[in-house]
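Here the protein sequences line up with chains H and F, keeping their order. According to this note's numbering, the first sequence is numbered sequentially starting from 2. According to this note's numbering, the second sequence is numbered sequentially starting from 5.
To be clear, the hints were calculated from the coordinates, so they are not data collected in a lab. On a predicted model such as this, the values are computed, not experimentally measured, just so you know. Check the hints yourself; a few may be wrong.
Here are the simulated lysine-lysine pairs, BS3-like style, with alpha carbons at most 30 Å apart [said to hold, decoys possible]:
#1 F/204 / H/10
#2 H/11 / H/160
#3 H/160 / H/177
#4 F/204 / H/11
#5 F/370 / F/302
#6 H/177 / F/204
#7 H/128 / F/370
Sample of chain F residues with no beta-carbon within 12 Å of chain H, all distances over it, derived [said to hold, decoys possible]:
#8 44
#9 181
#10 222
#11 229
#12 331
#13 351
#14 355
All C-beta atoms, glycine included, are put in the ideal place defined by N, C-alpha and C.
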Amino acid sequence: MAKASKKIKKFGLLAEYDSAAAVFRACEKVRDSGYRRWDSYTPFPVHNLDRAMGIKPTVLPWIVFACGMTGAASGILLQWWTSTIAYPLIVAGKPLFSFQANVPVTFELGILFAAFGAVFGMLGLNKLPQFYHPLFNVARFARATDDRFFIAIEASDPKYDFEKTRKLLEETGSVKVEEVDES
Amino acid sequence: MATKERDPLDPIRGRKLLVEGGPSFHDITEQVCSPIEQPTLAWWLAFIPSLGLLGVFGISLFWLLWEGVGVWGLNNPVDWGWAIVDFVFWVGIGHAGTLISAILFLFRQQWRTAVNRSAEAMTIFAVICALVFPTFHTGRPWVIYWSLPLPNQMQMWPNFRSPLLWDVFAVATYFTVSLLFWYVGLIPDLATMRDRATTKIRRFAYGLLSLGWRGSTRHWQNYEKAYLLLAGLATPLVLSVHTIVSFDFAVSQLPGWHTTIFPPYFVAGAIFSGFAMVLTLLIPIRKWYGLEHIITIKHLENMAKIILLTGSLVGYAYGLEFFIAWYSGNPYESFAFVNRAFGPYAWAYWIMMTCNVITPQLIWFKRVRRSPVWLFILSIFVNIGMWFERFVITVTSLSRDFLPSSWDYYTATIWDVGMLVGSFGLFFTLFCLFIRYLPMIAMAEIKSVMPAANPHPAEHTSETHSATHGDFDQK
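So that you can see chain F by itself, here it is in the shape it has in the complex (with noise of 0.2 Å):
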């Protein structure tokens, strides 16, 4: 207890040590593979309830479909309720899966090899979820391919001055390229599985998958290309998508809406969000599958670093936000805030308040930071926090506009909550069938990282050779 806790040194480059306990390559591989090849019990224990919470979702959802989009607790003035909180709450959670697996990446932080894989499932499966929402939100979802610019039979084409329509590219966009970046990811991992297989069920799917990939040096020479590249593109991609979702509300006129911070804004705290959701995710996977030692408390305590960074800055937004109320000098954007804060939804504005701006700065002390326990629950609080923020910029501004004639109080139905809660059933489902048949974690890019994947062991003795191989040191 007197000493401090000290993480384990890398021998040669004098850094924390990416991997503990000094494993050899195949020692990785087995350590990833085996839990795929022989499943657990356990895993049947998370993936079930998830089951059960994807009933949920299906029955809320045919209610809806039966019934139409009365059977939520829509009303006048908030004709955006939970559908539009949903969609962005799960939207900002994908944007912590690229944030690790693109910027950290740029960044060359080569921590985030231990979490990049399942924080970029992560992405796909919550872009999943959050088009959900506002696909049955039209009403017609079966006609939702409108939205798309297609030739019709009515001569007519899509508003590209909407932002809704910015995000219909945005979104989808995004949802392709973090599919294609964690396919790209996945497919040396998926020739490791297809070389272990033992069923021919096995070798054949991983096979087919893994594309004939054999580690070819003239291959990676490529496939490392064409990764930083993608890293390159998805980087302005994720901090575009949450900028478009901002114009949703900040291109409208209506107070609370209508200001310029909510872009950077809401990027923050998209990330803030989703690096939440990763923690929540993978402090009870790293236990149950003993990956400990790969994704390291070190990995958490920096998780942990950006949520403090990045919830101080959507902290800061807050009261930014307040200040251009009153500075601006406009009554509308005044009373707008103030209504926040004391009006009819002060019960959400101030839950917003504790999880997102108190709680999370527990982390400033280091043993919180280094404690899975804390930082569960803390990544619990930020959840919730996040959802209730979106709830809050939404609602609070549609419910009490500029003429207090049309003025009404949103509450939301079973059935809303019917889908939020099945969104999460989704999304688990999805989750568990990842950690179940993929890879979890990169093993091609983990075993890199790794002190013997150096190929020039002994000139590292010296911090002065050949300048040929110098800018490749780090990696």
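Same shape as in the complex, but just chain H (with noise of 0.2 Å):
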């Protein structure tokens, strides 16, 4: 905390944007100069503003097919172990086991199980809930939840200049750029 360096710690340049259009021209060129750790954000989400970034495919699909994969594979074993092993009893001269019966409940743990995993894997891969963020002192970042689109690249990203990226935010059309403190 009490660092002793005259110089606060740098998040990195924040560049703010009017228009949909202007923040996704603005990522293609920032992705095109080769940035690494840098992040846009809008209010709502702008279509193909990922690709436009350079940003790879989420993996949430697999997670949510794994876990709809174990609920339902839960529910077929606790269906089938309860009715034949832990209290096997004869109802209306049926079968202990027979699938037909157990479908609907294999069938509601699989799709209950595959919900969680898209909510959780969601906030997992997003790393939420993350109650602070460098960003969030800067006031006007306010406004990325209601009608401007900005963007961030940090200082950490090993092609960090100071000069050039701010040069280069600004030619990207951008209404405003400044310095973000970490902290």
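Both chains are sitting in their own frames, so use the hints and assemble them into the complex.
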């Protein structure tokens, strides 16, 4: 906290844009300049902005698939084990186990686990909840959830150079570029 | 009057504008958030009567617990009375919310964005109301957890062959998934509320609930995928829920219940009643909150068309049931249906027919479809009709089954009425709290379907442009 150095650690540079089209073109430029540790912030998902940024597709569908299969498997195993081993009871002369009677519960548990996988997988991949972020210190950044679009290039990026990066961001048609403190 | 009513068109796509009046992104934020930040007096006018009805619910529930299920009008052949009727009614209401949020999302019906948040809230509150009835109908609600497969000292497990147990799993899953879906949709809008908050409490509460959302594109990518997957999961789920609810009836041997048409017929009926409830809720709210340019007349018209379609499906199912009862040659089955239409419960049957089959046909007229007053009245009719449908199915079959010596007429008591009326109190109280504290329009989604959200405004003048963006044009 109490660093002796005069300079406060910097998070990076934040550029503000006033339209979805502007931030889209800017993202393509930042991507083409070879930055890695950067991100854009928008009040709603701008379509294809992830591709304009060159982000790889998410692995979330695989997580959801695995969770769904786990749910369905536990559903069928639970029903098989309880009705044949734990508590075998003949009801209406039916066999102890038959998959037909067990489809609904298997299906529902598959869906339930998959939905948990989708929600908590999404939060996990996004590293949320995260209640502190350096950008929250910037007053203007509050408009990222309202009507403004932002790009932040982080100081930890190997290509980051205060002057060059600022020049790049200014040339992308931004409304304003400013430096953001780490804490 | 002479010219036809025309909706404003999107200048680029040539389709009907989803948001009228050309507001900016900030206007949308203001219009949705300010009623929450500066509550109006009108809200209390809705909330206080709702609380009154909730009181009726509390009293009915107290008397039920004090005295036992005997305070209801249940008798020996009819041991499933209003409790199951109300349960099926409320679960059915919920289905429209999921249809709007999931199925219309998969079909890329962008108009859903104006109504999905409130419809999903309606789903959750309707399922809460639904769950009350079977829970208390068990007679010992404090051991309701026996229906779950939990290890216990009796070494007993639930009977997984019972449709009632399938119901436990189906409705519990439905509630959980609906809640998750709703919450995921809320996260970006809660962040908007957090960033606008002027008081410490608000900032803390919305900040906590929004989980530190900051609109990052890397987050949006996972978020949109999660949303799509949830929609894909909720779609078969919602169809399965009312299918399984219908199994409660169809898997039994009773004439009038033991039919294979029940699952699709119940699902159609559920969507029918649910859309009616969406209209009942949204027509006054859009007026009171001045949201007529977001929930436009076109939205109401679209929902009315779905009501017309599903209402006609339900009418077809009623007809087909009669045909099959005759065609099967089964005397018990034939009797069950003649008894429905002309027996002691004919009054209920004809209320059902009038409200579900006849009045919705007025929607064929464009003037009716585009009139909020007409649609509101029609939606009340559908709500009444669909409650009576469940009443007719449940009570007529039970009161007169195979053996005339065990027939009996069933009448509800004041406590049955108290529970139903009171459950509306629970529903409206929850809904009032929702519109008071949470954004009832999905702001982020509305913004994303506005013309200004398009990152390639110029390219859209021609239909031929880069293939990499092609599949996202419609969004």
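We went through each hint and held it up to the structure:
no.	hint	verdict
1	F/204 / H/10	holds, 28 Å
2	H/11 / H/160	holds, 15 Å
3	H/160 / H/177	holds, 21 Å
4	F/204 / H/11	holds, 28 Å
5	F/370 / F/302	holds, 11 Å
6	H/177 / F/204	holds, 29 Å
7	H/128 / F/370	violated, 50 Å
8	44	holds, 22 Å
9	181	violated, 4 Å
10	222	violated, 6 Å
11	229	violated, 5 Å
12	331	holds, 27 Å
13	351	holds, 35 Å
14	355	holds, 32 Å
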